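Engineer: Chain order of the listed sequences is A and B. So the first sequence is numbered by this note's numbering: it starts at 130 and just counts up by one. So the second sequence is numbered by this note's numbering: it starts at 167 and just counts up by one.
Calculated from the structure, these hints are not laboratory results. Only a predicted model underlies this, so the values are computations on that prediction, with no experimental measurement involved. The reader is advised that the hints may include incorrect statements.
Unchecked claim - 27 Å max Cα-Cα, derived DSS-like pairs, lysine-lysine: (1) B/K449 to B/K314; (2) A/K225 to B/K446; (3) A/K218 to B/K446; (4) B/K208 to B/K405; (5) A/K228 to B/K482; (6) B/K175 to B/K208; (7) A/K155 to A/K393; (8) B/K405 to B/K289; (9) A/K225 to B/K405; (10) B/K208 to A/K218; (11) B/K482 to B/K449; (12) B/K474 to B/K175.
What the hints assert, rightly or not - Some chain B residues well away from chain A (every beta-carbon gap over 10 Å; in silico): (13) V170; (14) I178; (15) K219; (16) R307; (17) L399; (18) A412; (19) D442; (20) V472.
Glycine included, every Cβ here is placed at the ideal spot set by N, Cα and C.
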Amino acid sequence: MSWFRRTQKGLVAQQKKDLPDGMWLKCEKCREIIYRRDLEENYFVCRFCGFHFRIRAYDYVRLLADEGSFEEFNQHLESVDPLGFRDSKRYSDRLKEAKNSTGMNEAIVTGTARVEGIPYVLGVMDFAFIGGSMGSVVGEKVARAIDRAIELRYPLVIVSASGGARMQEGALSLMQMAKTSARLTLLSEARLPYISVLTHPTTGGVTASYAMLGDVILAEPGALIGFAGPRVIQQTIRQELPEGFQTAEFLLQHGFVDAVVPRKELKARIAQLLRFFGFTPVQQAGEPSFACPEVERQ
Amino acid sequence: MGFVLDFEKPIIELERRIREMRDLADSQNLELKEEIERLEAKAQKLRQEIYSKLTRWQRVQLARHPNRPYTLDYIERICDDFMELHGDRAFGDDPAIVAGVGHIGGRPVTIVGHQKGREIKQKLLRNFGMPHPEGYRKALRVMKLGAKFGRPVISLVDTPGAYPGIGAEERGQAEAIARNLYEMSRLPVPILVIIIGEGASGGALGIGVGDRVLMMENTWYSVISPEGCAAILWRDAGKAEQAAEAMKLTASDLLALGVIDGVIPEPVGGAHHDPDAAAKILKETILRELDALSAIPPDRLVRERVAKYGRMGFWKE
Ligand SMILES: [Zn+2]
C-alpha cells in the first residue's frame, strides 16, 4: 500500500499536526501504545481495538484514489466574510488561521480520480478546517463536484467529516444544505450514482443534507453520526445517553446506513459498488488493458 | 394583554390611559373626545417610532412573542376551508407540524407549517414547535399528495429548531430533513414558503425549500438560534443579543443577502398586536404570489428552483 510513499512534503507536515509527534502513540480508545509506523501501515486504525484515528482529507484521497490519479479542481475557491462576522475573533482571521494550520483553502477537497481503474468524482471533507463546517465554499464545491460528475458521466463519492453548518455565515451556510440537496436531484436525474461515506464526526447541516442522501451510505466503524450533537441532546433531555448512541453501528441498527466499512476495505467496497452500477475501468496509456471491453454507457 | 416586551411598555401604558379615559368619558358622560384623540395620535406616533427602529434582538423577541399568531391561527383566518391530515404512515403523528389540504380565496392548496402551543398543555403537546422526523415525513407525504393533483404548497415556518432528542436521532432526524430538502427541490408544483415567526436552522429549512421564500417583518431566520450561536462562539448563551446582531438574521438582512425573495409587512405594533390585520396581509400576499407562480410550467419551475439555490452564497476564486 502506497500510504505515505508518494506524499508531498506539506502533507506529511499536516499529518503531524493532527496526530501527536513521536515514534510511539497511545490509542485514544484502548490506551495501548502503538508504533507510529505500524499505525500508518494500518490505515491509522488501532491494531488492538480497531479504533479509527481521524485522518486528513488528502489521506483519504491517497486511500481512495489510484496512485497518481487524483486531479483536484476548484481548489482556488475561497471563503469571504459576507456578514462581517465577529465573535471573540473575526471570521476573516479564523479563515486565515485555518488556512495556515491546514495548508488548505477550505474544508473540502474535490477532484477527479480513479478507483481500481474506474474514473469518478471524489470529494473529501477535512475536520481540521474549522471543524469541517459547511459555509458557502463547501456548498459551492459540492455543487460543482456534482456538476462535474454529470458533465463527465462519472459516479460521485463524498467522504464527510463535519461539525455542521458554519455559523459565521449565518443563513447563507444554511442555504448550502438546500443548494447541495437540490443539485443532487440533477445527478439522480442523470442516472449517476452517489456514494456517501460518513466518517468521525458527521453531524448537523452536512448530515441533514448531502451526507444522508447517498444512493449508498457507508460509515467508518465508531464514527459519530447525527443531527444534533450529543452535548446538545444531553442538555435538552437531561438524562444519560444510551451506550453507543449516534455511532455508525447505531445508525446501521436503526436503518440509516447501508454498511459499516473498516477503513482498509473502503476502497474495495466503493469499487465493488461502482462496478455493480455498470462502471468499468478505463485503460491508461502504457497500462495493460483490463479484461472487460469498454461498454458505452447510456 | 398578558406578556409585554420591555420596548412595548410605553405603548401599552399609553393604551391603558386611553382606555381609562374612555371609561371615564362613558361613565361620567364627560366630553374628552379631543383629549382621547390627542393620546391616540400620540400612541400611534410612538408605536411607529419604536417599530421603525427595532434592533435585531427586538425582532427576535417579537418573533417569539407568545401572543403572536401561529400556523393554525393563520389557517383559521385565511382559508375558506381546511382539513388537517395526520401521520407519516410509518411511525406516528407529530403535532409540532400541521399538514393538510384546503382552499384560500377559492384556490386549492396544500398547507404545511410548524405549530407552537399557547398554554403549557398545548406547548407540551406541540413540543414547543420542535418537530421529530415523523413531522417532516408527514409534511412531505401531504405535499406529495397535493402535488399529484397539481396543488401548490404553502409552507408556514415557525420553529426554534428540530428536536434534539434520543427518539429523534433513532428515527433519523437528519435523514428526514435531508429527504425533504431533496424532494421539495423537485416537487413539480409551486412552493411558497413564509417565515411567520422563528426560522431556526435545519428544523426550519426542512419544510422551507421553495420557489418564493418570504419573511414576515418581525421574524428571524438563521443557521442556529442566537442562544445556540452565543453558547458555542461566545461560550455564553447570555450573549444572545450580540449573536443576533452578528448573525444578520432579520428579514431585511436576508433580503439583502439574497436568501429570501421578499418581506411581508406586519401591522404597526407587530402581528400579535392585530392578528386579523396580519392575516389579511398574509392572505393577499399568498394569492398574489400563487397567481404569479401558477403561470410557470412545472418543469421550468423546478429548474429555476434548483438554480435559485445554486446562486446562494458568497466566495472568491
Ligand atoms: Zn486501540
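Engineer: Are there hints from earlier that the structure breaks, and if so, what are their numbers?
Structural biologist: 2, 3, 4, 10, 11, 12, 17, 18, 20
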